[in-house]
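> Residue numbers (the numbering used here), protein chains in the order written: chain A, 1 to 480; chain B, 1001 to 1245.
Calculated from the structure, these hints are not laboratory results.
Errors might be hidden in some of the hints.
Claimed, not checked - To give an idea of the chain B side of the interface with chain A (calculated C-beta under 10 Å), a few residues:
1. Lys-1002
2. Leu-1005
3. Gly-1019
4. Pro-1045
5. Gly-1050
6. Arg-1061
7. Asp-1064
8. His-1143
9. Arg-1146
10. Pro-1168
11. Ala-1172
12. Asp-1173
13. Lys-1185
14. Met-1218
15. Ala-1221
16. Thr-1230
Unchecked claim - Over the 12 Å line for every Cβ pair with chain B, so calculated as not near, a few chain A residues:
17. Asp-89
18. Ala-100
19. Pro-378
20. Thr-456
Unchecked claim - Cut-off 25 Å, straight-line C-alpha distance, at most; resulting in silico cross-link-like pairs (DSS-like, lysine-lysine):
21. A:Lys-193 x A:Lys-231
22. A:Lys-475 x A:Lys-437
23. A:Lys-4 x B:Lys-1185
24. B:Lys-1002 x A:Lys-475
25. B:Lys-1056 x A:Lys-443
26. A:Lys-81 x A:Lys-2
27. A:Lys-409 x B:Lys-1060
28. B:Lys-1185 x A:Lys-409
29. A:Lys-193 x A:Lys-105
30. A:Lys-443 x B:Lys-1185
31. B:Lys-1056 x A:Lys-409
32. A:Lys-4 x A:Lys-86
33. B:Lys-1226 x A:Lys-437
34. B:Lys-1226 x B:Lys-1185
Even glycine gets a Cβ: it sits at the ideal position worked out from N, Cα and C.
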Amino acid sequence: MKPKTGDFNRAAASALADADVQRNMRGLYDGFHMARERAAEATPNWEDLRDRARAVKAHTIEYLDHYLGMAAENVERAGGKVFFAKDADEASRYILDLAAARGVKTVIKSKSMLSEEMGLNARLEEAGVEPVETDLGEYLIQLRGETPYHIVAPALHLSKEQVADLLQEEIGGPRYERAEDLTAAAREQLRGKFFEADMGITGANFLVAETGTLVLVTNEGNGRMCTSMPKVHVAIMGMEKVVPSMEDMGMFLRLLIRSATGQRLSSYVTLVNGVRRDDDVDGPEEFHLVVVDNGRSKMLADPALREALYCLRCGACLNACPVYRKVGGHSYGWVYSGPIGAVVSPMLTSLPDAKDLPYASSLCGACREVCPVRIDIPRMLLHMRSDLAEGGPHSGSPRASLAERLTMKAWRLAVARPWMLRLANRLARLAQRPLVKDGRLRKLPPPLSAWTRHRTFPAVASRPFRDRWRSELRKSRRDG
Amino acid sequence: MKASLFVTCVVDQFYPEVGESAVRVLRRLGVEVDFQEEQTCCGQPAFNSGFRSDAKPLAKRFLDTFESSESIVIPSGSCAAMVRVFYEELFHDEPDLAAKARNVAAKTFELTEFIVDALGITRLPESSGPPRRTRVTYHEGCHLRRELGVMTQPRALLEAAPGVELAPMRQADVCCGFGGAFAVKYPDISGGMLADKLRHVAETGADAVTACDSTCLMQIAGGMEKSGMTTRAVHVAQLLDEAMG
Ligand code: SF4
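In isolation and in its complexed conformation, chain A is listed as follows (with noise of 0.2 Å):
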């Protein structure tokens, strides 16, 4: 799909401007943020156990060459073939390859947010395989040709209503209401598809390279299915999502599951091992695995962005996000939102180009303080900014409007010196005279009128605390 990361302020007055929108993003700190804090605070240890999964992802992405390694023989070894795509196009191009020589008209898919960032889907349609999304979220927003809205649960800003609708619009028949009757619907409609399927893709929360084992996480049990049923699974898998052993994997699924939900274990945890055995009752005849790289390199090149690459994509810091609940997951123009999307989605897309998206935070941090591997998201953002007004790898050039730079001359001016500061003081007094009224400034000019559409501005103080502390302060000591 092609980024509109650059679009990000049309898009969040929009979802702002839309009463359901917000209703629907206010459920999101009742429900899940506070379903994660439960479930954190009812495990012994949690915070211990976020200080080791922490250093396991440190220490793996470290020696990621290593583990990727080691993966990928293990994989292998349990007869499954292993690709390293360098790109997005790569890895959908063996697929095709893979599906053309296979004679596959139709594949089945579990949910995955690497797939949505290769835009699978498109690439299938164009190539005259039907993909079909079997986890009801992504199924319902592949019917509305749209990218996720959360990265747990793509469909978050589609009412019952909009459920209904779009279902009754696509299967025919009656339009339900209740909940399960939709759910239903759409697995009736999703059952068939099941044996008329030729290939399964899954994603991988986890690869654990010490047995090449495959890791899948979800709530429906659909993508288990995908692994099993289809002649072919291929899973795809970010670099990343290497774990070295089973017992950290043991470890993340607690994490992860907890954060993501609130639960204890999801319904459905799906461990894959290659390929059907002679004694598996079921199980595909091919494995292979697609291990994507798509500017994930660019991240582990720059020590200050690295640990974006630890990501669990639980979902938590987009719960947790105060901007997030206001402008919702569309505004981030491509598939990673929130905060976590503020950082990867410029840095797998280009950061030029979605250099809002890191200004788009009151770095309040509330996303690293419920991050199950605590990875500091504002200092990245922080980085970002800096790499974009002054210049950097990511940004080449400086991309600071003029307005920008000369704001910021004109703010260091006035605060270089303490005199400067006294001039500027009463240089503001007199701007500000026609506009002040009982020591409020309601209305400004443009380019700060929109500030005062929410809130009145205090006038600059007559005699700022140095002043004071000259003429009074100092000279009174004890009980002044």
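Dock chain B with the ligand against the given chain A, drawing on the hints supplied.
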């Protein structure tokens, strides 16, 4: 104990009364307060906007001004975080300045943190004036909580303050939407966040909302005036000053 007050540019220029309160409170607690007149701004606005080379001279100025102070007290969690946490990041490729920053950071405190942690005070002297009663709700500044880890200290002092009754607020730790340049660049998103905060303040029925940062209070007070709320917005320093005065 001696403390140099870094009053912050916002308090200096917009809320001098907060600085006055901080001085009075500290003096009543036996602290010898001084004010280095060379101080201006910690450089945070530039740093947060990505203009690190504009932030550096200000950070250097801060370090020079306060290097020889015994301790530095700041009535703002955000500015204290700039000095304590972000100066080191700012000077990460200049080892001498980074070392200087670490040295200054080690003796820099946010006001309530200084009172509770450095002075070890959690009981406040009784007020000499007539008893007052104020129902107050506390908004938790983001940098104060998440960069400095200061959570219990302001609440402990407010609870200890004579005549102050603390009314808990829902989502007290959720950002008010200020975020410095953020509120200027994204006034409407910031306004949406503010609206949520105001709803939660209103729910408490408190007479006043307080915080350790004048910038949060600038945002909240401005929003309250705009929406016709009559709740007062006061800095913790002012409440402590009132309660002890
Ligand atoms: S950054 Fe952290 S909180 Fe956000 S999705 Fe990734 S792991 Fe979860």
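> Below or equal to 25 Å on CA atoms is what counts here, so check B:Lys-1056 against A:Lys-409.
13 Å, holds
> Does the closest beta carbon of chain A sit nearer than 10 Å to the beta carbon of B:Pro-1168?
16 Å, violated
> Could you grab the alpha-carbon distance between A:Lys-193 and A:Lys-231 and see if it respects the 25 Å cut-off?
Since the Cα atoms of A:Lys-193 and A:Lys-231 sit roughly 14 Å apart, the hinted pair holds (cutoff 25 Å).
> Is A:Lys-443 close enough to B:Lys-1185, meaning Cα to Cα at most 25 Å?
At roughly 17 Å apart (the allowed maximum being 25 Å), B:Lys-1185 and A:Lys-443 satisfy the hint.
> Would the hint on B:Gly-1019 be counted as holding, given a Cβ-Cβ threshold of 10 Å to chain A?
4 Å, holds
> For the hint on B:Ala-1172, does the least C-beta distance to chain A fall short of 10 Å?
12 Å, violated
> With a cut-off of 25 Å on the C-alpha distance, tell me whether B:Lys-1056 and A:Lys-443 pass.
34 Å, violated
> Verify the proposed pairing of B:Lys-1002 with A:Lys-475, using a straight-line Cα cut of 25 Å.
16 Å, holds
> Examine each Cβ of chain B, and state whether all of them lie more than 12 Å from the Cβ of A:Ala-100.
At about 47 Å from chain B, A:Ala-100 clears the 12 Å cut-off, so the statement holds.
> Using the nearest Cβ pair, does B:Asp-1173 come within less than 10 Å of chain A?
8 Å, holds
> Mind checking the alpha carbons of B:Lys-1226 and B:Lys-1185 for me, to see if they're no more than 25 Å apart?
The given pair, whose Cα atoms are some 20 Å apart, holds under the 25 Å limit.
> Double-check B:Thr-1230 for me: the hint is only fine if its C-beta lies closer than 10 Å to a C-beta in chain A.
Violated, about 14 Å.
The structure fails to meet hints 1, 7, 10, 11, 16, 19, 20, 22, 25 and 26 from the earlier list, while all remaining hints are met.
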